[in-house]
Amino acid sequence: MTPLLQVRDVAKFYGPRVGCRDVSFDLYPGEVMGIVGESGSGKSTLLGCLAGHLAPDAGEVIFDTAVDGPRDTLMMSEPERRMLGRTDWAFVHQHARDGLRMGVSAGGNVGERLMAVGARHYGEIRSSAIDWLGRVEIAEDRVDDRPTAFSGGMQQRLQIARNLVTGPRLVFMDEPTGGLDVSVQARLLDLLRGLVREMGLSAIIVTHDLAVVRLLADRLMVMKDGHVVETGLTDQVLDDPQHGYTQLLVSSVLQV
Amino acid sequence: MSISGTVKAGAMIEIEDVSKNFVLHNQGGAVIPVMAGASLSVGRGECVALTGASGAGKSTLMRMIYGNYLAASGRIVVGGVDVARAEPREILALRRETLGYVSQFLRVVPRVPTREVVAEPLLAVGVERGIAMARAEELLGRLNIPEGLWGLSPTTFSGGEQQRVNIARGFAHGYPAMLLDEPTASLDAANRETVLRLIEEAKMRGAAIVGIFHDEAARARVCDREIDVSVFTPKAA
Chain A
0 MTPLLQVRDV
10 AKFYGPRVGC
20 RDVSFDLYPG
30 EVMGIVGESG
40 SGKSTLLGCL
50 AGHLAPDAGE
60 VIFDTAVDGP
70 RDTLMMSEPE
80 RRMLGRTDWA
90 FVHQHARDGL
100 RMGVSAGGNV
110 GERLMAVGAR
120 HYGEIRSSAI
130 DWLGRVEIAE
140 DRVDDRPTAF
150 SGGMQQRLQI
160 ARNLVTGPRL
170 VFMDEPTGGL
180 DVSVQARLLD
190 LLRGLVREMG
200 LSAIIVTHDL
210 AVVRLLADRL
220 MVMKDGHVVE
230 TGLTDQVLDD
240 PQHGYTQLLV
250 SSVLQV
Chain B
0 MSISGTVKAG
10 AMIEIEDVSK
20 NFVLHNQGGA
30 VIPVMAGASL
40 SVGRGECVAL
50 TGASGAGKST
60 LMRMIYGNYL
70 AASGRIVVGG
80 VDVARAEPRE
90 ILALRRETLG
100 YVSQFLRVVP
110 RVPTREVVAE
120 PLLAVGVERG
130 IAMARAEELL
140 GRLNIPEGLW
150 GLSPTTFSGG
160 EQQRVNIARG
170 FAHGYPAMLL
180 DEPTASLDAA
190 NRETVLRLIE
200 EAKMRGAAIV
210 GIFHDEAARA
220 RVCDREIDVS
230 VFTPKAA
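The listed protein sequences derive, respectively, from chains A and B.
The end of the first sequence is residue 255 by numbering that gives the first Met the number 0, with every number in the run present.
The end of the second sequence is residue 236 by numbering that gives the first Met the number 0, with every number in the run present.
Just so you know, these hints were derived from the structure itself, not from any lab.
Check the hints yourself; a few may be wrong.
[As the list claims (entries may be wrong)] Quick look at which bits of chain A chain B covers, simulated, 3 or more residues with Cβ under 8 Å: (1) 33-40; (2) 128-138; (3) 226-234; (4) 237-243.
Cβ atoms here follow ideal geometry from the backbone N, Cα and C, with glycine treated the same way.
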């Protein structure tokens with residue numbers, strides 16, 4: 000099986016400071032990988048480098064494109080990379096406001112992504128938008144409301160619908176449940192879990208919440224000071240952590 | 000990964016010279032050796048009981064077979080896959096298709112109805128939805144979970160009900176290899192009988208089983224052999 004994403008020695012520096020360095024891994028189709036670490040560990044920098052939001056200073060990010068097979072996305076032209084971002088990739092931001100157009104209706108937010116990949120038939124776009132709002136549990140009668148009238152949890156679900164409507168193969172998520180109430184988090188996690196499985200998505204999820212990765216991720220990468228300190232099967236890393244930092248991280252979780 | 004030539008014919012689970020240490024980096028780097036030289040072979044249709052005092056390493060060995068704990072050295076081959084060395088996706092595939100684990104506690108995902116929780120392992124291997132649901136309902140019925148609860152999430156069920164849901168889930172798919180951690184603990188006589196029958200049925204279809212049973216009568220009835228894991232406890236230096 001060809002990996003969907005092959006990451007080789009990716010590094011990003013902020014002046015003399017290390018954002019992340021020496022990061023390498025393969026992600027296979029259908030795999031969900033969690034990246035955990037405290038703030039400043041480099042996990043969001045890494046995600047930005049993988050998703051094409053930041054330009055790494057070194058390394059390769061090879062994606063198995065639907066048309067041309069494996070290609071280094073860092074060597075692509077900007078329009079090519081943007082097209083990839085609209086078709087094969089999706090990015091779910093921590094703050095739904097960063098991933099939504101707040102002045103456009105919920106249906107418009109979902110429909111816009113479809114139009115960006117060439118959909119033109121209004122009726123079909125609208126029915127597809129309503130279908131997706133239903134899948135993320137937003138009632139049909141809210142389709143013409145703007146996201147500003149939605150709760151935080153609803154905004155996040157709308158952002159997910161907007162991202163998944165075009166049937167991406169790889170989804171990047173940056174703290175997708177951050178800042179939400181625990182009850183809303185549980186609902187969102189359940190939704191994400193179902194969608195990932197149904198659509199056979201591959202995903203890379205950055206979070207500092209170990210409960211989130213236990214539920215969603217097949218495998219885990221633990222980062223500290225810009226370096227990967229431990230990788231492995233999610234439950235193995237959490238239940239039998241090998242590195243001192245991971246042991247500290249796991250033992251610091253408050254029990255409920 | 001290919002099946003190694005040293006694996007005996009019919010051996011589904013083959014453990015060879017496995018050791019395990021816990022290194023506590025945040026407590027002065029203390030190294031706690033918990034197991035050394037553990038070897039064990041379980042054939043198809045065979046049930047082996049792990050025995051030994053509390054703390055002897057029964058659960059540790061089971062967790063290593065499941066890939067939940069990392070072995071320090073040795074080989075743990077289940078259905079041709081060396082769990083001690085396999086990639087996460089290989090272990091997940093093994094757990095999906097070949098190796099089942101009935102733990103003592105149900106780890107519930109919020110909001111998923113009981114029927115789905117039990118049918119999930121079948122759906123994961125591609126069993127058609129209607130068939131998976133029918134099998135789930137049959138098991139829930141046999142384990143005396145009231146029909147009115149099947150559509151509810153087990154989150155709010157009693158401890159005993161959650162345990163039985165967990166057993167139903169563990170036996171839904173016909174895994175060729177199974178790990179059972181105290182499957183009959185705290186069950187009433189009727190449910191205990193059902194679980195023992197499920198174990199016997201699994202053996203009949205050829206499953207290789209490793210289990211921890213504190214219930215001596217249950218152990219005597221379903222287990223073919225006992226392995227005292229305290230022989231694998233490293234001698235104090």
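So is the stretch 33-40 of chain A in contact with chain B by the C-beta rule, three or more residues under 8 Å, or is the coverage claim wrong?
violated (count 0)
Coverage of the stretch 226-234 of chain A by chain B, judged on three or more residues with CB within 8 Å
holds (count 4)
Please check whether the stretch 128-138 of chain A has three or more residues whose CB lies within less than 8 Å of a CB on chain B.
Our answer is that it is violated, as 0 residues pass the Cβ test (under 8 Å) against chain B, missing three.
Counting residues of the stretch 237-243 of chain A with a beta carbon closer than 8 Å to any beta carbon of chain B, are there 3 or more?
Our answer is that it holds, as 5 residues pass the Cβ test (under 8 Å) against chain B, meeting three.
When the structure is compared with the earlier hints, violations turn up for hints 1, 2 and for no others.
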